[in-house]
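Participant: Going line by line, the protein sequences match chains S and H. Residues 1 to 483 (full-length UniProt numbering) are what the first sequence spells out, left to right. Residues 1 to 254 (full-length UniProt numbering) are what the second sequence spells out, left to right.
Hints in this document: simulated from the structure, not taken from any laboratory. Any given hint could turn out to be false.
[As the list claims (entries may be wrong)] As a list, the in silico DSSO-like pairs of lysine-lysine whose alpha-carbon atoms are at most 27 Å apart:
id, chain 1, residue 1, chain 2, residue 2
1, H, K185, S, K391
2, H, K185, S, K446
3, S, K99, S, K403
4, S, K391, H, K119
5, S, K479, H, K144
6, S, K403, H, K144
7, H, K135, H, K185
8, H, K245, S, K376
9, S, K403, H, K122
10, S, K403, H, K82
11, S, K80, S, K99
12, H, K144, H, K166
13, S, K391, S, K403
14, H, K122, H, K166
15, S, K309, H, K135
16, S, K433, S, K446
17, H, K86, S, K391
18, S, K376, H, K166
19, S, K376, H, K144
[Said to hold, decoys possible] Partner residues are not named here, just some residues of chain S that face chain H (Cβ under 8 Å, in silico):
id, residue
20, L95
21, Q378
22, D383
23, A384
24, L385
25, D388
26, K391
27, Q393
28, I396
29, P399
30, R480
If you're wondering where the values come from, they're calculated on a predicted model, not measured in any experiment. Built from N, CA and C at the ideal position, the CB exists for glycine as well.
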Amino acid sequence: MSDTHAQTVSFVRDSMLPPEPPPAAQAGAIRWLRENLFSGPLNILLTLVGFGVLWLVASTIWPWLSHSVWNAGSMAECRKIIAATWGPDASGACLALIKNRWNQFVFGFYPSALYWRPVLAFGMLFLALAPVLFSESRSASRRVMALAVVLTFVIAQILGAPGMALVLMALAMLAWVALIELRPGWALLASCLYPFVAVWLLWGGSLWSPAMALAGFVIGYLVWRALSRLGMLAFALAVLAAAVWWLLLSGWVAQALAAALPLRLQPVSSDQFGGFVLSITIGVSGIAMSLPLGVILALARRSDLPVVKMFAVMFIEFIRGVPLITLLFVASLLLNYFLPPGTNFDIILRVIIMVTLFASAYMAEVIRGGLAALPKGQYEAADALGLDYWKAQRLIILPQALKISIPGIVSTFIGMFKDTTLVVFVGLFDPLKAMADTIRASFEWKGAYWEPYIFVGSIFFILCFGMSRYSMYLERRLKRDHR
Amino acid sequence: MQTQTQSQLGGPAIEISKLNKWYGTFHVLRDVDLTVSRGERIVIAGPSGSGKSTLIRCINRLEEHQAGRIVVDGTELTNDLKNIDKVRSEVGMVFQHFNLFPHLTILENCTLAPIWVRKIPKRQAEETAMHFLTKVKIPDQAHKYPGQLSGGQQQRVAIARSLCMKPRIMLFDEPTSALDPEMIKEVLDTMIELAEEGMTMLCVTHEMGFAQAVAHRVIFMDQGQIVEQNTPREFFNNPQSERTKLFLSQILGH
């Protein structure tokens with residue numbers, strides 16, 4: 001201690017002060033109001049202006065919403081009721097439109113006797129996702145599964161599913177829940193089978209077509225396992241084997257099996273899809289496929305191999321540089337010129353591929369941000385322990401990088417889901433524009449303007465808000481730095 | 001400790017000859033020759049930027065060298081990925097900033113490489129991990145995450161994580177430089193214990209007390225070259241080169 005220090009008297013503490021609890025929080029509504037809303041002249045002014053704006057908005061919308069009519073057969077009848085009840089000048093929401101036509105917003109032109117099939121596919125989606133999305137919490141997973149099973153069953157019942165279908169449906173879902181509870185390892189395999197089941201439920205037809213598509217993956221995997229000593233060559237051979245199966249053999253085998261054991265659902269063609277069934281089909285497939293593709297592209301862009309890196313950069317920059325609508329037009333029009341005449345390449349499948357490619361380019365950049373945010377030491381520690389590239393990525397790098405990227409990834413998901421409404425430009429019936437226009441084109445509901453948008457908008461909001469809340473839940477769950 | 005002599009040591013564990021490395025046009029390592037015997041403990045000292053970290057990072061190929069030979073335990077480091085992975089699984093490394101995996105518990109940090117690289121069953125890997133965690137005196141923290149531990153504890157976990165791979169050689173890259181003075185001792189004690197068991201150690205450090213206590217040989221580097229090497233006693237009491245004298249006067253002078 002220097003001589004110039006003010007306190008030169010020596011001092012030794014002989015008793016340590018015991019820790020004390022912090023002072024009680026100074027809470028209270030009035031205190032909060034004063035601190036947050038009325039702390040100074042400017043603040044008071046802003047608060048008053050804010051309340052004024054709120055009042056203006058609410059006072060415009062509220063009468064319209066409160067003068068709503070739920071029971072009417074047409075727009076004209078609706079207006080008559082409003083005029084009779086609230087006076088000739090009153091304006092009101094004609095929500096009877098939604099009550100009458102909600103099924104078209106949800107299912108498009110899907111045959112109404114088969115509504116239970118998309119409902120079951122949607123309910124099973126949650127069973128497929130629960131072990132993945134809620135792997136951190138058994139109880140949350142159970143709540144989601146219980147809700148999915150009960151709601152699916154009840155809604156299918158209300159929508160008039162035949163008794164046989166209801167019984168099978170209940171059995172299948174309960175068996176699946178039992179599998180998840182008793183054999184969590186096998187449940188992940190069941191989740192991998194889900195896409196094929198969903199495709200069968202949505203499009204119907206012979207069970208053997210999706211089963212043969214699945215068999216292609218199994219064959220590819222088996223070839224790869226058998227030849228795994230050959231490294232990259234084994235992978236190429238596996239892809240080749242799967243391709244040969246899909247293009248040359250699977251059709252014959254499927255036909256033979258269908259002849260032997262015809263397991264069929266009534267087929268529904270892609271142009272009967274519409275509304276939220278279409279949006280969710282495209283959205284969920286896009287989400288499920290764009291994440292792995294985005295991870296691969298992000299890794300490729302950070303690769304040391306120049307060719308791989310260049311390919312990834314070109315792909316990402318090209319896709320990001322082109323509007324989604326351009327890609328959709330390519331999918332709907334140009335592909336027909338390039339593919340051999342007579343090929344029947346489903347329009348929804350084409351759109352899903354384009355939407356996936358589009359989202360994966362954005363996903364790759366979001367994940368690349370997460371990869372770049374990891375300290376170099378993590379890569380070095382993984383290397384120093386002797387982990388090879390793929391193990392290091394899978395066990396060390398990606399779990400951390402993906403966690404950092406959760407907000408960006410979910411933003412991309414939400415953006416992509418909302419972009420599915422753009423399929424209206426290639427003649428598919430999205431819920432927002434095409435379905436609303438179709439309904440408006442009918443004689444009864446001519447002139448309904450706001451109601452369809454508000455209805456469709458709120459459903460989109462609920463779904464997107466759900467995703468956003470889930471991402472916040474996940475971030476909280478994965479928090480590891482308890483500082 | 002200092003009474004141990006070179007003659008008690010085994011054959012060569014690491015042989016480095018005419019090692020050269022450049023960062024761009026900057027010549028970081030210049031004609032470095034170094035042979036480390038089995039069981040030998042070497043402390044590498046030198047001013048910052050002298051290439052000492054780069055040298056030991058070349059030994060497990062975290063840095064690629066452009067000229068010269070490095071042979072670790074009979075395996076030469078070339079571009080062959082198999083050789084690199086083989087060397088890396090035999091050589092443990094402890095970093096200045098610990099580099100624990102923050103998303104895994106302490107126990108998972110220690111069992112990850114044995115399970116995935118050595119293919120050891122999970123239970124056995126956990127037993128080994130608990131053995132080494134007990135050895136570094138933090139078995140009770142096994143189920144916490146790295147973020148919940150102090151710096152000194154984290155560095156001891158990092159040492160245990162390396163030991164779980166049963167390495168024959170341990171590299172320490174300034175293991176105490178990021179620690180508070182009170183925590184340096186607990187890490188050094190762990191390292192001294194390891195040294196007493198006969199581990200081959202290469203240690204970049206500024207802890208001259210540690211060097212005097214455990215090293216067989218102190219190597220002084222400057223500008224990418226080995227300027228002087230000697231037994232600790234000779235090195236500290238009778239430094240030969242002017243550069244070494246200046247360095248010692250600066251770090252021991254206060």
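Participant: Would you list, in rising numerical order, the hints stated earlier that this structure does not obey?
Facilitator: Of the numbered hints, 1, 2, 3, 8, 10, 15, 20, 27 do not hold.
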